[in-house]
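**Q** As they're listed, the protein sequences go chains A and B. End of the first sequence = 834 in our numbering, gap-free, step of one. End of the second sequence = 834 in our numbering, gap-free, step of one.
What the hints contain is simulated information worked out from the structure, not anything from laboratory work. For glycine and all other residues, C-beta sits at the position ideal for the given N, C-alpha and C.
To give an idea of the chain A side of the interface with chain B (calculated C-beta under 7 Å), a few residues:
| hint | residue |
| --- | --- |
| 1 | H546 |
| 2 | M558 |
| 3 | D586 |
Derived pair list, reagent style EDC-like, types lysine to aspartate or glutamate, alpha-carbon separation capped at 16 Å:
| hint | chain 1 | residue 1 | chain 2 | residue 2 |
| --- | --- | --- | --- | --- |
| 4 | A | K790 | A | E711 |
| 5 | A | K522 | A | E610 |
| 6 | B | K730 | A | E517 |
| 7 | A | K730 | B | E517 |
| 8 | A | K522 | A | D613 |
| 9 | A | K522 | A | E617 |
Number of protein chains: 2
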Amino acid sequence: MRLDVQLRGESALIERIAQKTHDLPCAGRVAVIQGIGDDTAVLHTDCQTLLWTADMLLEGIHFRLDWIDPHSLGWKSLAVNLSDIAAMGGEPTGALLSIALPRECTGEWLDAFIEGFIECARAYSTALLGGDTNRAEQVIIDVSVLGVVSGRPVLRSSAQSGDWVMVTGALGGSRAGLEALLAGDTAGIDLTPHFRPAPRLQVGAIARELGATAMMDLSDGLAADLPKLLRASGVGAIVYMAQVPVHPVALHWAQTHSLDRALFAIAGGEDYELLITAPPAAAQRLLKEIPRQAGVPLSVIGEVIAARELWLEHPDGRRESFAVAGWDHFTV
Amino acid sequence: MRLDVQLRGESALIERIAQKTHDLPCAGRVAVIQGIGDDTAVLHTDCQTLLWTADMLLEGIHFRLDWIDPHSLGWKSLAVNLSDIAAMGGEPTGALLSIALPRECTGEWLDAFIEGFIECARAYSTALLGGDTNRAEQVIIDVSVLGVVSGRPVLRSSAQSGDWVMVTGALGGSRAGLEALLAGDTAGIDLTPHFRPAPRLQVGAIARELGATAMMDLSDGLAADLPKLLRASGVGAIVYMAQVPVHPVALHWAQTHSLDRALFAIAGGEDYELLITAPPAAAQRLLKEIPRQAGVPLSVIGEVIAARELWLEHPDGRRESFAVAGWDHFTV
Chain A
503 MRLDVQLRGE SALIERIAQK THDLPCAGRV AVIQGIGDDT AVLHTDCQTL
553 LWTADMLLEG IHFRLDWIDP HSLGWKSLAV NLSDIAAMGG EPTGALLSIA
603 LPRECTGEWL DAFIEGFIEC ARAYSTALLG GDTNRAEQVI IDVSVLGVVS
653 GRPVLRSSAQ SGDWVMVTGA LGGSRAGLEA LLAGDTAGID LTPHFRPAPR
703 LQVGAIAREL GATAMMDLSD GLAADLPKLL RASGVGAIVY MAQVPVHPVA
753 LHWAQTHSLD RALFAIAGGE DYELLITAPP AAAQRLLKEI PRQAGVPLSV
803 IGEVIAAREL WLEHPDGRRE SFAVAGWDHF TV
Chain B
503 MRLDVQLRGE SALIERIAQK THDLPCAGRV AVIQGIGDDT AVLHTDCQTL
553 LWTADMLLEG IHFRLDWIDP HSLGWKSLAV NLSDIAAMGG EPTGALLSIA
603 LPRECTGEWL DAFIEGFIEC ARAYSTALLG GDTNRAEQVI IDVSVLGVVS
653 GRPVLRSSAQ SGDWVMVTGA LGGSRAGLEA LLAGDTAGID LTPHFRPAPR
703 LQVGAIAREL GATAMMDLSD GLAADLPKLL RASGVGAIVY MAQVPVHPVA
753 LHWAQTHSLD RALFAIAGGE DYELLITAPP AAAQRLLKEI PRQAGVPLSV
803 IGEVIAAREL WLEHPDGRRE SFAVAGWDHF TV
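Just chain A, same shape as in the assembly:
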């Protein structure tokens, strides 16, 4: 019977995943009462403020199996969700993994995927608590993560005029990797930023503690994401293009393809760096403490202004009004 066969396959799959993940640590003030194996996961927490997010990764849309190895895909499917928790200043507790696999994905493929997922889960103390498994024509991954936060989470909507605009790490590395894959020419290109983003959880927590006013993670590129934060906060900004930290891989790509390095970097995507605003005094604390405590560079790239406009200031002092489709669309 179709149902039985399917069920047997599904149970075997779930057992396989459960065995590999049952000893994952669970951070924060949360105890797992029931993980994989019942109708729902059961969690006990004494923390009252919960963070909750989900992100889909679809074959053919977000990744290609002939490009990304399953271990990296496992890492990335959790990491992109943890990045959202980081952007609120919280810490993750657990994840649900919904995954659909075509028949071509062997046990070996799944094992490597789960190993990658586990590596990320272990690095950031996130338990795998359940989910759903299915057959499909293509690989479909949807991960949901639940986190907790002490005190108030840092929303997108509270940037203030006069705040400094900052980003962690460097931008455009993931996009350069993607461009190289699309061009079929990855020789000398480091694909790590594209395949294995590092969620900035420690940075997010420090930023929350030390007075960041607004924060979000960069998943669609600064040029697309900054307008979202500004719009949510009802403000505008000037971005100093000379100060945009360009990832070495992006720099290499821009140079070899005669592109403006900073424009290439801000039109990236999947950076999974944090975009942070804070008033000058708090910003100065962040600029000192984030590199010191988390070992992650933090750069000031601009300033929040009251007018609901976005300006790019080029190295020669020329200011250009920045009106991306996204920005126009969002303008209220």
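Position chain B relative to chain A; hints supplied.
**A** Chain B in isolation, oriented as in the chain A frame:
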């Protein structure tokens, strides 16, 4: 730019969903601090025990667009998750909706889908708090629901020898609908059980309060799900086939196709009724209170035994050992 276009579409989609759902009630001891529109949803709760589940619905695997209307699909994609919360004795608080849509799905289709989702959300006081939206070749839906429970949730793993085995409602109605759709002959067949299951939230809460020992929802059919509960509890059962409540639609289908009605009903799927065990005294309370308080029938269909075996007792008194693939596979 590809990214901008995609982004604009996605933002419009999210706005559309957010506008329609912003006033959904949120049950239980939970306040929504931030719903759709930030990196994560933010919830405030004074309830310490959380329930968390996710279920995927995939076009071509779980449904066909030429069979199910978008309104029913919206209802069902939330309802199947609420059924898992019901099976723990909890109440839902909110949902994340991850959805990928092909270009053929028009705004009208999406509106109907969201209306169906909202109808279910409103009926069971569940807020829509976020999720993810994408383009894909086929419709992909993954819903995650967070619930709370007062006291201890009812797990699958605590059925005791001597307990009575009970089910809510009647079985096989959804399967009969599916068979009719597969046969291309739905004349005179009520597809409601297949398209719009009713999560048994009130029943689940009553069962928890009045002493159910174990509980789960029937998503793969009694013949597949009962073995899971028995295995988790380390016990066996006898099922009295004459007492299995057969849904009128299943009865009609079995009769017109010369099938054994009870066998057809227990080999169903997507019933989304609750399977409940309780010692005789508590069972008698449940048999009285569940129909009275929740208006849902409850039937005793068997008894838990210490031996790890599953027996079907036919109306003529003959006992048949029930060894489905799933059961064999799970036997420890």
